[in-house]
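Undergrad: These are the residues of each chain, in order.
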Amino acid sequence: MILFEAKNVSKKFSNHLALNRVNISVPGQSIYGLLGPNGAGKTTLLRIINQITAPDSGELFLNGRKLSSKDIANIGYMPEERGLYKKMKVSEQAIYLGRLKGLSNNDAVKRVKHWFEKFEITDWWNKKVEELSKGMQQKVQFIITILHEPVLLIFDEPFSGFDPVNTEVLKNEVLELRKRGATIIFSTHNMSSVEELCDHITLIDNAESILTGNVADIKHKFKPGIYEVTLKGDSAEIERVLNNDYKIISMKKNGGICTARIKIDKTVSNNDLLKLLMSNFHIISFSELLPGMNDIFIDLVSKQKKKTA
Amino acid sequence: MQNKTSLIIAREYLSRIRKKSFIVMTILGPILFAAIIVGPAWFATMEDREVRKIAVIDSSRLFINQLPETDYLKFDYLENITVEELRGNFSETHYYAVLYISHIVTHTPTAVQLMSDRQPSLNIRMHIANAMEKEIERQKIMAYDIDNLENILQSIKTNINIRTIIWRDDGEDRESHPALAMIIGYVGGFLIYFFIFLFGSQVMRGVIEEKSSRVIEIIISSVKPFQLMMGKIAGIGMVGLTQFLIWVILTFIIVAFAREVVFTELQTPSSDQVVAEDIITTGRGTSSLLPETQPAGGEQYSEVKQVFASLATINFGVMIGSFIFFFLGGYLLYAGLFAAIASAVDSESDTQQFMLPVTIPLILSIIIMMNTIQYPESSLAFWFSIIPLTSPVIMMVRIPFGVPYWEVALSMALLVLAFLFVTWLAGKIYRTGILMYGKKANYKELWKWVTYRN
Chain P
1 MILFEAKNVS KKFSNHLALN RVNISVPGQS IYGLLGPNGA GKTTLLRIIN QITAPDSGEL
61 FLNGRKLSSK DIANIGYMPE ERGLYKKMKV SEQAIYLGRL KGLSNNDAVK RVKHWFEKFE
121 ITDWWNKKVE ELSKGMQQKV QFIITILHEP VLLIFDEPFS GFDPVNTEVL KNEVLELRKR
181 GATIIFSTHN MSSVEELCDH ITLIDNAESI LTGNVADIKH KFKPGIYEVT LKGDSAEIER
241 VLNNDYKIIS MKKNGGICTA RIKIDKTVSN NDLLKLLMSN FHIISFSELL PGMNDIFIDL
301 VSKQKKKTA
Chain E
1 MQNKTSLIIA REYLSRIRKK SFIVMTILGP ILFAAIIVGP AWFATMEDRE VRKIAVIDSS
61 RLFINQLPET DYLKFDYLEN ITVEELRGNF SETHYYAVLY ISHIVTHTPT AVQLMSDRQP
121 SLNIRMHIAN AMEKEIERQK IMAYDIDNLE NILQSIKTNI NIRTIIWRDD GEDRESHPAL
181 AMIIGYVGGF LIYFFIFLFG SQVMRGVIEE KSSRVIEIII SSVKPFQLMM GKIAGIGMVG
241 LTQFLIWVIL TFIIVAFARE VVFTELQTPS SDQVVAEDII TTGRGTSSLL PETQPAGGEQ
301 YSEVKQVFAS LATINFGVMI GSFIFFFLGG YLLYAGLFAA IASAVDSESD TQQFMLPVTI
361 PLILSIIIMM NTIQYPESSL AFWFSIIPLT SPVIMMVRIP FGVPYWEVAL SMALLVLAFL
421 FVTWLAGKIY RTGILMYGKK ANYKELWKWV TYRN
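Which chain is which? The protein sequence lines are P and E, in order.
According to the working numbering, the first sequence is numbered sequentially starting from 1.
According to the working numbering, the second sequence is numbered sequentially starting from 1.
Keep in mind that the hints were calculated from the coordinates and are not lab data.
A quick note: this is a predicted structure, and the numbers were derived from the prediction, not measured.
The reader is advised that the hints may include incorrect statements.
Simulated restraints on C-beta separations [as the list claims (entries may be wrong)]: (1) G321/E x W125/P: 38 to 46 Å; (2) S6/E x D163/P: 49 to 57 Å; (3) Y405/E x N8/P: 56 to 64 Å; (4) P357/E x W125/P: 24 to 32 Å; (5) N8/P x I23/E: 49 to 57 Å; (6) N166/P x S6/E: 51 to 59 Å; (7) F197/E x S69/P: 29 to 37 Å; (8) L420/E x N294/P: 48 to 56 Å; (9) K19/E x S69/P: 50 to 58 Å; (10) G402/E x K66/P: 40 to 48 Å; (11) W125/P x V450/E: 40 to 48 Å.
Beta carbons are placed, not taken as given, at the ideal position from N, Cα and C, and that holds for glycine.
Construct the entire structure; sequences and hints are all you get.
TA: Structural data, given as structure tokens:
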């Protein structure tokens, strides 16, 4: 089931195009990654989803209905540039921002208490934000984002500024939120977090969506056809066995055991390679190398650059 | 939606009301005002506590024992001593100064010298000059040898106090008190100027705070930028109103207290009584105008009396009402501009280039105010009390003097229209500006924001 959908969204600022007919379609209870280099238009898209800015054209749907101002209560947003009132007490601020999202005073107080207890920060209750460290402020910001339990959560670069320990905490929290039914869209440069968390992604470059889909499918689509095989035998022997359809990319020797990465031509299959090797060597392991999101990202963006250049 | 705006108003209001600086300002304000008025007079009297003795060498012999002494000023009439001799051991004599009166004093005004090793005070010089002038005049008149001179002199003493009456079409002629109107106009106009600046810049600082701390993005993912702007403006405006009302109440309490405790012996006569007295005394012709029971310091007391009497003629309801209207109107007009400016910059130091066109009309109001106090009916005063950017200050200055209703109504209507227009314009700049970072905006840019379709 699709929870959120953006269709043909375009936005132009005075002198540049920020988004050019971008489509995204986010399944319910999933984690959706929005990738792209700096200035690609990710933040603009997130702001449009939050109704901070209006698109020039295109339509947005939440739960199949057109997005309206009532949906503010159904969306939680953590902007890239975190910010809170510095002179305001942490608890007061959380309650205030929760109420702005439509919570009643009672509910807001109850939930802030609950989350402060969960994150073990109840002794910050009466502190002013300026007295907290940056990491502490991030935690408060996270609580404020999810306080009104929205169905759709939007994080802009959620992992920037967190130390590794808190990054783990945040990742687990995001997974926990999905388990309880929330749908999460986040933009990031951090590719390892994409591999760990995302179910689907869209890659935006130069205002356009250049790649979109399920993470596993994308990896499959972009696999370069390289296999890693470990076997008992000699490297020269391997080179002798393989014909022009196969190209050895790297080779490691460790005693009588060889590990080789072999790229195969499109005309042959992995089975052909395996047959060839099996008849000559004792095979220890054989696997296909899948590309990392990082590689796909760099590959596509640099290709795009060449195209526009 | 409505509920969210009131949440914003409540936050803006409460966070400021609870500040220490607000509480201090609110309580100390009236006391400070009183201190500014009373302080200098008090210091002036303090100065005079020291008893000063002046040696008088009077070679004309006209003033021996004739100079009036006060509690703090005494005269020693010395004979058989020269100025030079006195000068020789002046520091041992403990005289404050030496007054030398030459014998040609009656026809040469410069024949009097006051000598000292320090600068003699202006008050003492004036006191002596006054006394001597009066004495010489008296003696010159005496020289005409008129019978019953003392009585004649007593009876010709006159005191003129011009009352001004405003004729009104409805027949209810009203006595006016130009001096009081000037003071009230000045204070009212200046307070509006001060409040617009004070609370306008609070709006500006508030917007910059939200923008630079980046909390803005979270808030406008919950409310519309216009709601946030209006909530902030309304909240801070209510802070201003609260402060003003507390000041009014405190001032009334202080004045009432002063009246009860300090001037208990004073009976403030109604203006009818004054008129009646006038007619009777004028009828009596040459008989004494001053009742004999009048105490020695009567002149001073009657001034205080007059102030209280004229205070009673001021319609404080109208004053406070129009102050609140013109304060709110002016504040709302300028607050929108301040908010728009703040939204276009990244920090307070960048506001300069945009502040100038906003502060010019305000400063102009203060300059025009000086003229308006003198000539509240001039065409300059009229136009500047109609034009919205200056009308809050100038109209407030004019109102204590009495302004035709249609002028006030026109001024108010234009102010409201201007406020609506400026707020609409400011809202357009604001909603784009608050999300712009790192780019130095100029007027062309601002205009582009206004024309954006959002």
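Undergrad: Indicate, hint by hint, whether the structure satisfies it.
TA: Evaluation of the provided hints:
no. : hint                        : result
1   : G321/E x W125/P: 38 to 46 Å : holds (44 Å)
2   : S6/E x D163/P: 49 to 57 Å   : violated (40 Å)
3   : Y405/E x N8/P: 56 to 64 Å   : holds (59 Å)
4   : P357/E x W125/P: 24 to 32 Å : violated (45 Å)
5   : N8/P x I23/E: 49 to 57 Å    : holds (56 Å)
6   : N166/P x S6/E: 51 to 59 Å   : violated (36 Å)
7   : F197/E x S69/P: 29 to 37 Å  : holds (36 Å)
8   : L420/E x N294/P: 48 to 56 Å : holds (55 Å)
9   : K19/E x S69/P: 50 to 58 Å   : violated (33 Å)
10  : G402/E x K66/P: 40 to 48 Å  : violated (60 Å)
11  : W125/P x V450/E: 40 to 48 Å : holds (43 Å)
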